[in-house]
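Hey, can you work out the whole structure from these sequences and the hints?
1 is the number of the first residue of the sequence shown in UniProt numbering; add one for each residue after it.
Please keep in mind that the hints were generated in silico from the structure rather than gathered at the bench.
Keep in mind that the hints are not guaranteed to be accurate.
[Stated by the list, open to error] Here are the simulated lysine-lysine pairs, DSSO-like style, with alpha carbons at most 30 Å apart: (1) K169 x K208; (2) K169 x K206; (3) K60 x K35.
[Claimed, not checked] The calculated label-pair distances, taken between Cβ atoms and stated as ranges, are: (4) D89 x G165: 52 to 58 Å; (5) D89 x L219: 49 to 55 Å; (6) P189 x P237: 32 to 38 Å; (7) S293 x A51: 54 to 60 Å; (8) H112 x N69: 17 to 23 Å; (9) P238 x K103: 45 to 51 Å.
Glycine is no exception: its CB is placed at the ideal position from the N, C-alpha and C atoms.
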Amino acid sequence: MPSQRGADCRPSEHGEVQRVAVGVPTVRRRRLGGKLRSLRGDLTLEEVAEASEGAFALSKLSRLENARNAAKPADIDRLLDLYTRLGRDVDDELRAALLDLTKAGSQRGWWHSYRGVLTPVYEDLISLEAEASSVCMWQMGTIPGLLQTGDFAREFIRTTAMADGVQAKVDALAEVRLARQAVLTRENPVDLWAIIAESALRVRIKDKGVMREQLSRMLALSQRPNVNVQIMPSDAPPHIGQMGSYTLLGFGDHNDLDVVHTETLTSAVYVEDRHQVSAYRDGFGRLRASALSVEASMDRMTEIRDHL
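This is how it looks when you write it as structure tokens:
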């Protein structure tokens, strides 16, 4: 029986199609923006802009707090000087922490070397996965990329790709999916809780060995304390998951940074509103209650694999 260390999905995948999407800033930039808003306190942006005597335009202050642009350390340093003059408590420790966040927010991840292959929205998803402490996903159509084998990934990308040119990038895109999985085995790994529709495990692939290997991979990963997989049985009664697949990315104590990623055939959207994120979290709790238990899910995966 696997030991469980559940992702915090309690109540309160990404295809390679060229998608229209609402982007999301990196977590570090969002944390920096939140710290700056907190530091501003009851001052309005207009008051801060006026006090800066032209050093900071209102639009620039807004972009810094909303994390829509990468901040420059020199700008943050000057802004902290301004807040000090305005009576805010900015000690050396806080200044150093905010400057570290600023520098980290502009660092490139491993996926930068695949920029010719990845769409911007896919890069956003990978960067969020890399910084998340928990990932809770409901997948009704296929096996999540974080659990896929290389052969399954190549087969899936090859047969479902819609964008021009993707066929020539199948191997590179499969490499990216495997590289993403490092978050599961790194030091301080992400806690993954995946709920998958049983129909996704019964997809007909020409080479049955590919699906057998895929199911074995999922069973092996399920033995890890930070990975839990539940199967939504085909005979389950109607449930909230039939509204669509989604992924909830959590960031530990920073609940205000949690993000939901959801997509359709032609669009992908990141939901950041706290009330909406809370609704998705509540929905995930209901899905967990409707799905087979983790242990029963492992039995179901074993049964499906052994009958291929």
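Of all the hints numbered above, which does this structure not satisfy? Sort the numbers upward. Those not satisfied: there are none.
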